[in-house]
Amino acid sequence: MSDAVKLSGIEKRFGAVQANRGASLEVAAGEIHALVGENGAGKSTLMRILAGLIEPDAGMVQVSGRDVTGWRTGDAIAAGVGMVHQHFMLVPTLTVAENVVLGREPHRGPVLDLERARVDVTDVASRYGLRVEASRRVGDLSVGEAQRVEILKTLFRGARILILDEPTAVLSPLEVQDLWRVLRALKDGGGTIVLITHKLDEVMQISDRVTVMRRGETVARMATRETNPAELARAMVGREVALGGVALTARAPGPPGLVVRDLEVAGTRRARDVDGVSFTVASGEILGLAGVEGNGQSALLDAIAGLRPVASGSIALGARDITAASVAERAAAGLAHIPEDRHRRGLILDYSVADNLILGRQGRFARWGRLDRARVAEHARAAVERFDIRPPDASLPARALSGGNQQKIVIAREMGGDFSVLLAAQPTRGVDVGAIEFIHAQLRAARDAGKAVLLVSAELQEILALSDRVAVMYGGKLVGLMPRSQASEASLGPLMTGAA
Amino acid sequence: MTRAEWRERIEAALLPPAIALLVALVAGDLLILAVGQSPAAVYRLLLQGTWGNWYGFGQVLYKTTTLIATGLAVSLGLRAGLFNIGAEGQLAAGGFGAALMGLWLPAGTPAVIAIVACALMAMLFGGAVGWVPGALRARFGAHEVITTIMLNFIVLALLNWIIVAHLRVPETLHTPEIRAGAVPRLSAMMPVFHGSAASFTIVLLLAAAAGTWWYLFRTRSGYELRAVGLQPDAAEYGGVRAPATWRRALMLSGVLAGLGGVNFVLGYKHYYEEGFAGGAGFLGIAVALVGRNHPAGVVLAALFFATLSQGGLAVNAVVPKQLVEVLQGVIILAVAASVPEVRRAIAAGRRRD
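Protein sequence lines, in the order shown, are assigned to chains A and B. When we follow the working numbering, the leftmost residue of the first sequence carries the number 1, and every step to the right adds one. When we follow the working numbering, the leftmost residue of the second sequence carries the number 1, and every step to the right adds one.
FYI, nobody ran anything at the bench for these hints, they're computed from the structure. Even for Gly, the Cβ is constructed at its ideal location relative to N, Cα and C. Treat each hint with caution, since some may be false.
Said to hold, decoys possible - Some chain A residues judged to face chain B by a derived CB distance under 8 Å, without partners named:
# : residue
1 : L307
2 : A331
3 : R344
4 : I348
5 : L359
6 : Q362
7 : G363
8 : R370
9 : L371
Produce the entire structure from the sequences given, and follow the hints as far as they go.
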């Protein structure tokens, strides 16, 4: 089989960060090729080079045997190479059809021919088995549907080589199965697919071949059926990794740490984002909150953290009611919070690592309003060492660090000090295998030290690996709450999709 | 920090304005040629009239002093993510406050007390004018660009009315001379500056620049203010209340602009005169932009724009003064456009090394 894509000796540097160092990738026509690696390994950079979004500093990019090094997105699209991004690039107020034809709208004279757009889009959708209704507004779609629109957009532009960047990060288990169906149909139709992921079970399920990257280099390539998750994990991290984690030791639950009663939060698009939720997290317990994204988990956490107003109900840390407390007062009362979006909330990207490590605790590092720079530096030095933040230079801006190390800054800040209750939202999202292991160990250690941990994760496996009890949210309501022993993918799946 | 890192930082800070200046010089050449003069001769004249003699240099320093104040004011607002277009009105209000105090104090008040009292009044008046748009933004969500612009008209008209109706010396548009609080001119100690308006208020404003740096980068409040400007959501998560920060930032911005009023009232004329701000508040926006919102950059940019402004007068004999104003505009546009472009070029150059 000929190579549809061949990248060799790719070098790319962003400021102080060498994203690719001599990376290579060969993808045969008509295969599903998984590109795996830790966060910061350079997968996305390599694929953005292939899609023409950025230019390599050195190396060669070949598509179907033609040297296309340094091409632009326009050239890539014309040559049938399309990329589906992690963050959707859709206009929510337009319909599916309007989004798909954007940039190449059918028209009669100066007038848009929207009816033809709808017909064309429906046509392409049905050819690949993509179930989306062309006349619906994108803003009303679920995340899974929006992703199908993104794929459809790429196909509509004639893509034969499709790059998907962590497509399952936002999907429920059922939606993932749907996606696999679509990808297999594309492959059967002669399409070539490159799938960026760090989930090894996905690699095993869907790919034909797999390439592993580590620290900007290509370290392994193999046929999927000749390898196994343990071998892949070893290649990604460069050492042995304990997959699946350690079984939790059973403990008697402690006194209540976090008590939420009849909580209601007004909604942005529906009447209530959180609709009468009650639960208690005991000290020394991890309560896992499962659910497809967008079912109120974010609003619930924001309300507990004091970032969104509460319509009714109450929130208490132990015996202390914090329903009306400010963010700073909650922090002082012992609430720690790993927010789901570290780029928007968790970090100030242009601040140094040291300055980020005091965010939310800046008052404790000030005397008479003056920041004690020596103490900030000392605090940063200790945190960088204890949490193994790399590179170990606290004066770098947070922006210069990889995703996993950025998350370590957040973890170090929130878990490095005194706290009694921890909100952990998607603590391992976009983080590599090595860092996941580390973060999970930190969460377990917090539980064993008697902290109450509320864990929200889109990854069921993470919930199942860490939680003492599992709750499920759907449509703003708590639809299930069970001990870990009764929870499984089979029992949670229907609850998450509202089927039960 | 290593020497290489320092070099990188200085390059990143200074190259964009330097290249913008070059672009502006070329545009200036074309303009001068268009009016039939020799660029070399005009530039020589410009430099002679500013840095080439003590009087000219003194005038440059005088203009620099006011521009440091308004430049700092605009840059402090921008650090909090707020665009303060109201420095003009705040500057005027500050000058008026200083004059009121100077008129009220009895003659013979010890200079140190009088100057401090007048400067505090200037800061109070400027700060009050700055506080209003901050409060409007925090309470009602009114956009500060609109409110600060509009407040300029209100403040300037109000001051005009007070002067005309109650305080002016007949046949003029200014108040009587202050009885206390005058700041000595530079020429009092350095006679070479004889005749120029430069006074020791420049020391006050340089101290204000140092204080602004200290506030922004060394205090908790400055840390929070910059956080709100960079990422409001992350600041909120960090327990910072954005509305309070907006109020504080715009008030401090007004305080700095108001302090600039001291330069004219205490250092130069010793009275408040209608229209003395003369656009220095608006030019502060350009100063902040070219100075990249850093206090040290603001001081350098203020010096630069003061040179251009004074130089415009010096070349007036051969080319229209407006030509220099066009040049200022070109420089501002070039700086705004050059910052990302030049950064990209520096990065590309490093890769080739």
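Do the hints match the structure? See the list:
Here the hint on A/L307 is kept, as its CB sits about 6 Å from the closest CB of chain B, short of 8 Å. With a cut of 8 Å, the hint placing A/A331 at the interface with chain B holds, because the nearest CB-to-CB distance is about 6 Å. Given hint, A/R344 at the interface with chain B, holds; its Cβ is 5 Å from that chain's nearest Cβ, closer than 8 Å. This hint holds: A/I348 has a C-beta 5 Å from the nearest C-beta of chain B, less than the 8 Å allowed.
Hint status for A/L359: holds, given a least beta-carbon distance of 4 Å to chain B, under 8 Å. With a least beta-carbon distance of about 5 Å to chain B, the hint placing A/Q362 at the interface is held under the 8 Å criterion. Hint status for A/G363: holds, given a least beta-carbon distance of 6 Å to chain B, under 8 Å. Because the beta carbon of A/R370 sits about 6 Å from the nearest beta carbon in chain B, less than 8 Å, this interface hint is met.
At a threshold of 8 Å, the smallest CB-CB gap from A/L371 to chain B is about 6 Å, leaving the interface hint in force.
Hint check: no violations occur; every hint is consistent with the structure.
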